[in-house]
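J.: This is what each chain is made of:
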Amino acid sequence: MNLTLKVWKQNNAQDQGHFESFQVSDVSKDMSFLEMFDVLNERLINEGKEPIAFDHDCREGICGMCSMYINGRAHGPWNETTTCQLHMRAYNDGDTITVEPWRAGAFPVLKDLMVDRTAFDRIIEAGGYISVNTGNAQDANCIPVDKTSADAAFAAAACIGCGACVAACKNSSAMLFVSAKVSQLSLLPQGDPERKDRALNMLAQMDKEGFGSCTNTGACEAECPKGISISNIARLNREYIRAGFTQE
Amino acid sequence: MKWSQFFSTSIGKKLLVGATGFFLCSFVIVHLAGNFALLSTDEGRGFNAYADFMGHNGLIQFIAWGLKIVILLHAILALQLTFKNRAARPVKYAVQPGNATSSWYSRQMAIMGSILLIFIIIHLKDFWYAMHYGDLDKITYDVNGKEYANLYKSVHVAFKELWIVVIYVIGMIGLSFHLIHGFKSAFQTFGLNHKKYNGIINFVGVWLFGIAIPVGFAAIPLYIYFCM
Amino acid sequence: MLNSKIPAGPLETKWSKYKSTVKLVNPANKRKIEVIVVGTGLAGASAAASLAELGYKVKAFCFQDSPRRAHSIAAQGGINAAKNYQNDGDSVFRLFYDTVKGGDYRAREANVYRLSEVSGSIIDQCVAQGVPFAREYGGLLSNRSFGGTQVQRTFYAAGQTGQQLLLGAYSAIERQVALGNVKMYRRHEMLDVVTVDGKARGIIARDLVTGKLERHFGHAVLLCTGGYGNVFFLSTNAMGSNVTAAWKAHKRGAYFGNPCFTQIHPTCIPVSGDHQSKLTLMSESLRNDGRIWVPKKKDDNRKPSDIPEEERDYYLERRYPAFGNLVPRDVASRAAKERCDAGYGVGTSKMAVYLDYADAIERYGKIEANKHGKDHASKEEIIVMGKEVVKEKYGNLFDMYAKITGENPYETPMRIYPAVHYTMGGLWVDYELMTTVPGLYALGEANFSDHGANRLGASALMQGLADGYFVIPYTIGNYLADEIHTKPIPTDHPAFVEAEKGVQDIITKLMTINGTKSVDHFHKALGKIMWDKCGMARNAQGLQEAIKEIQALRAEFWKDVRIPGTAEGINTELEKAARVADFLELGELMCMDALNRNESCGGHFREESQTEDGEAKRDDDNYSYVAAWEYKGQSQFELHKEALNFEIVHPSQRSYK
Chain A
1 MNLTLKVWKQ NNAQDQGHFE SFQVSDVSKD MSFLEMFDVL NERLINEGKE PIAFDHDCRE
61 GICGMCSMYI NGRAHGPWNE TTTCQLHMRA YNDGDTITVE PWRAGAFPVL KDLMVDRTAF
121 DRIIEAGGYI SVNTGNAQDA NCIPVDKTSA DAAFAAAACI GCGACVAACK NSSAMLFVSA
181 KVSQLSLLPQ GDPERKDRAL NMLAQMDKEG FGSCTNTGAC EAECPKGISI SNIARLNREY
241 IRAGFTQE
Chain B
1 MKWSQFFSTS IGKKLLVGAT GFFLCSFVIV HLAGNFALLS TDEGRGFNAY ADFMGHNGLI
61 QFIAWGLKIV ILLHAILALQ LTFKNRAARP VKYAVQPGNA TSSWYSRQMA IMGSILLIFI
121 IIHLKDFWYA MHYGDLDKIT YDVNGKEYAN LYKSVHVAFK ELWIVVIYVI GMIGLSFHLI
181 HGFKSAFQTF GLNHKKYNGI INFVGVWLFG IAIPVGFAAI PLYIYFCM
Chain C
1 MLNSKIPAGP LETKWSKYKS TVKLVNPANK RKIEVIVVGT GLAGASAAAS LAELGYKVKA
61 FCFQDSPRRA HSIAAQGGIN AAKNYQNDGD SVFRLFYDTV KGGDYRAREA NVYRLSEVSG
121 SIIDQCVAQG VPFAREYGGL LSNRSFGGTQ VQRTFYAAGQ TGQQLLLGAY SAIERQVALG
181 NVKMYRRHEM LDVVTVDGKA RGIIARDLVT GKLERHFGHA VLLCTGGYGN VFFLSTNAMG
241 SNVTAAWKAH KRGAYFGNPC FTQIHPTCIP VSGDHQSKLT LMSESLRNDG RIWVPKKKDD
301 NRKPSDIPEE ERDYYLERRY PAFGNLVPRD VASRAAKERC DAGYGVGTSK MAVYLDYADA
361 IERYGKIEAN KHGKDHASKE EIIVMGKEVV KEKYGNLFDM YAKITGENPY ETPMRIYPAV
421 HYTMGGLWVD YELMTTVPGL YALGEANFSD HGANRLGASA LMQGLADGYF VIPYTIGNYL
481 ADEIHTKPIP TDHPAFVEAE KGVQDIITKL MTINGTKSVD HFHKALGKIM WDKCGMARNA
541 QGLQEAIKEI QALRAEFWKD VRIPGTAEGI NTELEKAARV ADFLELGELM CMDALNRNES
601 CGGHFREESQ TEDGEAKRDD DNYSYVAAWE YKGQSQFELH KEALNFEIVH PSQRSYK
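So the protein sequences, as listed, match chains A, B and C. According to the UniProt record's numbering, the stretch in the first sequence is residues 1 to 248, in order. According to the UniProt record's numbering, the stretch in the second sequence is residues 1 to 228, in order. According to the UniProt record's numbering, the stretch in the third sequence is residues 1 to 657, in order.
These aren't lab readings, by the way, just hints derived from the structure by calculation. A virtual CB, placed ideally from N, CA and C, is assigned to each residue, including glycine. Be a bit skeptical, because a hint or two may be false.
Ranges of calculated distance between the beta carbons of each label pair, as one might list FRET restraints [stated by the list, open to error]:
| no. | chain 1 | residue 1 | chain 2 | residue 2 | range |
| --- | --- | --- | --- | --- | --- |
| 1 | C | Lys17 | B | His194 | 55 to 61 Å |
| 2 | B | Leu79 | A | Arg242 | 53 to 59 Å |
| 3 | C | Ala552 | B | Ala87 | 55 to 61 Å |
| 4 | C | Lys251 | B | Ser103 | 58 to 64 Å |
| 5 | A | Asp151 | B | Cys227 | 56 to 62 Å |
| 6 | A | Glu20 | B | Ile29 | 52 to 58 Å |
| 7 | A | Asn141 | B | Ile63 | 54 to 60 Å |
| 8 | B | Cys227 | A | Lys6 | 51 to 57 Å |
| 9 | B | Ser103 | A | Gln14 | 36 to 42 Å |
Okay, derived cross-link-like pairs now, DSSO-like style, lysine-lysine, Cα gap no bigger than 27 Å in a straight line [said to hold, decoys possible]:
| no. | chain 1 | residue 1 | chain 2 | residue 2 |
| --- | --- | --- | --- | --- |
| 10 | C | Lys517 | A | Lys6 |
| 11 | A | Lys147 | C | Lys371 |
| 12 | C | Lys393 | B | Lys195 |
Reference listing, derived: stretches of chain B covered by chain A, where coverage requires no fewer than 3 residues with Cβ under 8 Å from a Cβ of chain A [claimed, not checked]:
| no. | stretch |
| --- | --- |
| 13 | 2–11 |
| 14 | 51–63 |
| 15 | 87–93 |
| 16 | 123–132 |
Produce the entire structure from the sequences given, and follow the hints as far as they go.
T.: So this is what it looks like as structure tokens:
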């Protein structure tokens, strides 16, 4: 099939940026979305032009590096799918596809479709961990965790930190990301000692980074490639209230 | 952590918006109950007595002023968050997802809220201001000769004006969509998201606050305009 | 002469004795010592965090935008540990024995025993960090059997164990970043090791955003940079996985151990066309329930459902009745290749075999029917119930398959084919994980490791974390204790200047070739040579040809590669070119190593060395050694042999029949 791509091009963080159109022909339905970009880039290189820069690494939906906003949807039209897992059978001959980078003040564009997501790392640095030095641990089975909590903690921990929640949220809020980590650790007994500071500090860092607040539209949940539920956001709110009411 | 800090974060502000929202939800129920007195054909005896009581009882007055502060607080905080949220995305997307990932009214809380705010200002000017500082006709119903400001009449006069009825209906449409999302959303903000209760919260949000109450409010000017 | 520094004494006490006698660095001195960690996967993140916790000043580097994205994240199946929680007779010795045997007797006994010894502590540490391992209803940890072992020793978190373990290590490193003990350099790629007076003293790194070269000093340098499977172009590795750090170290004097030992994983989704950029692994756990088959007739183009039972060849069950579909990875991969080469392959490419769940669905369906007392359940009901069970166990893998292929694996058998997955070879290290360059260490997949010639399932995560959490914190002290008087070397030292200039020259050269072909063109050509001639089956003639072809391809690359843009700012083509340039040198060494090792062992199959019925034949008399190659200049490598002495486990021919 033949497609028209409208892709955001931006030389560097300071550049203004603009859309550029590309015709891509002979696209196979079996190609992944990023392989379609590979083919286009190969052609651009052969024409002596600069290829389109985009982030990607594992190409199996787990590293969280890929980050394209495709026709108004973070990671494209398929549910619970990352851009790298999206395949071209989602499209028809003659389609026009607009591809933009994640848009958020806290995720500045570095080049074309690449953005800087170190804000997420700084949020984790603010408390997304359990303070246990190597060698401190007791035997693993000394900490029983009921299966329901363990499963819920796992479901929250499945977050790949791709930033689709921020990209999809009209407020560029990082609440789903923050809540996934806070939930994982507050559901486990190991996370209990630090739970108050964790909720307060991670939220403070989120605010400081310039992410918006949550207005519960649910767009993040709808776009999350790992299906993280907004019930985690409710849990973060509870953790925040609990911490705020009791912390001196 | 100080309370001032607690309420100044993004969640803290949302908690205030949610709490004030709940308070306003309870207020609309009371307000609507009183309004139904407008539909009686007793020359306003019941309604004017109710309005008089509400206008002169100390406790009610205290709550009424509190109510205005709550409305302002709710609006200011929400607008503050809205502006901050807008600023969080300095460069907008060229293509929007439409309703594929969220409902339009959940995204337009600020617009619905602003319509409501404008409506409330008009509404207060028309009736509350007229009642307290205006020059309403007086009416007495009994031998004691107690005079009541005839708010009943002024409402009925107003609701014979098409444009006023239209404003009221638009205001109530704003209220409806604001509460369909707002009621449920406030529970989520307070951390109450539980499979067992989400159904009932959603039901009350949609049917009571989203439909029954706004329809009730809107029915009054419509009824007066068309049927009385 | 290679000194592996294996401590004297009985196997079981080597590590504990080493730990109690090793030199220590006192806390006040640790604060003055800087350690560079390159790579933030399981080995790198765990090492950086653990060393920072001890008080060292750590600088960590990753080429991704966050340490959380290292490719360890993609490991699916699980992590082994000799906990014996299932009371099924597991022990440190058994895990050790299985690993040495699984590696086809090409690993060091002492290292493997240590790995097995610390395996339990890894689980403890990860649970304490909040890694959500699968649990039983009683709240205790769940285990599964994996890769055909006879005990249940694999801990797992659904099909995302690598992700959860890495996020645990990532949280540990980020905690140290917050405490100021680790300085994190993201989107930075290491392009050379700096040595001063023969010792590793720093690195040259390129900031991939600005394009600027940076000099970083460290009293020691740890390379935790993963494997080099991408030399084959198509592999299950991430697109960015590369050999550059290890290769630069090799050129600076670190020997490369067993470079030809590559693991080809049997259950991957087959190639769908020329556009293919990478291959996706389907967890090995699928072989626990799936049955692998091809049609008995050549070029059979019928739909799989139209091929009756008696016309199917369940070749693994036929050839290996004792282990059936659960034979080790190398055996399963070669058997698939054998069938496809003989013309029995399926799918449009004919380079695939079926992995069939129909029997498993029916079997589970019947069990469910029994559970619910439905004695007369219809076949349809049974299949519906069976699908539910299979979905519960393998749902995420089936979904992944459906997304990629557009086929429904619940209805039609999956098509699978082997793909490059892991490299057992890597930088040669001694017992302390130090390479032949003093102060330069290699951890995790980057070293030639503990897996011998074949890695067992769920052992890579174990080794990466063992190296980072529980080995390097002890062994590095033995070196650094003598370095406490070394003041930080200013980065205007001639060694830094020289190294940076070398890197700059390469970049300038790459940018000025202005040829006609893209980097991927060369990478694909290299991959094809490697896959055809140094892949699942190798022979002397093919390897000799491959060496020549690679040399020619390399010459062409340096004449004709085209890299648009400039070296300033982000230039992804330049990044790829620098990596492919190193792959073009490594590929040659891999072929030389494969040519030298005229025996079949583990993942390395030399056609000249097989039994009459086509099974791999090891040659312990001549090849019971680690091949450690020293770089002597372009295309020149000198072989050093580290003899492998088996005191406890006596090598025998592996048999799975």
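J.: Give a verdict on every hint.
T.: Checked hints:
Against the hinted window of 55 to 61 Å, the Cβ-Cβ separation of Lys17(C) and His194(B) comes to about 56 Å, which satisfies the hint. In this structure the hint that Leu79(B) and Arg242(A) lie 53 to 59 Å apart at CB is violated, the actual value being about 28 Å. Hint check: Ala552(C) to Ala87(B), Cβ distance near 58 Å, so the stated range 55 to 61 Å holds. In this structure the hint that Lys251(C) and Ser103(B) lie 58 to 64 Å apart at CB holds, the actual value being about 60 Å.
At roughly 58 Å, the beta-carbon separation of Asp151(A) and Cys227(B) lies within the given 56 to 62 Å, and the hint holds. For the pair Glu20(A) and Ile29(B), the beta carbons lie near 56 Å from each other, so the given range of 52 to 58 Å is met. A hinted range of 54 to 60 Å holds for the C-beta pair Asn141(A) and Ile63(B), which are about 58 Å apart. In this structure, Cys227(B) and Lys6(A) meet the distance hint of 51 to 57 Å, their C-beta atoms being roughly 56 Å apart.
Checked against the hint of 36 to 42 Å, the pair Ser103(B) and Gln14(A) passes, with Cβ atoms roughly 38 Å apart. In summary, the hint linking Lys517(C) to Lys6(A) is supported, as the alpha carbons are separated by about 26 Å, within the 27 Å threshold. For a cut-off of 27 Å, the pair hint linking Lys147(A) to Lys371(C) stands: about 22 Å separates their Cα positions. Between Lys393(C) and Lys195(B) the CA atoms are separated by roughly 25 Å; this keeps the pair inside 27 Å, and the hint holds.
Figure legend: the stretch 2–11 of chain B, annotated as covered by chain A; annotation consistent (4 residues with Cβ-Cβ distances under 8 Å, at least 3 required). Counting residues of the stretch 51–63 of chain B whose CB lies closer than 8 Å to any CB of chain A gives 0, which falls below the minimum of 3, so the coverage claim is violated. Beta-carbon proximity to chain A at under 8 Å applies to 7 residues in the stretch 87–93 of chain B; the threshold of 3 is reached and the given coverage holds. Remark: the stretch 123–132 of chain B is not confirmed as covered by chain A, as 0 of its residues place a Cβ nearer than 8 Å to a Cβ of that chain, below the required three.
Taken one by one, the earlier hints fail for this structure at numbers 2, 14, 16, listed in ascending order.
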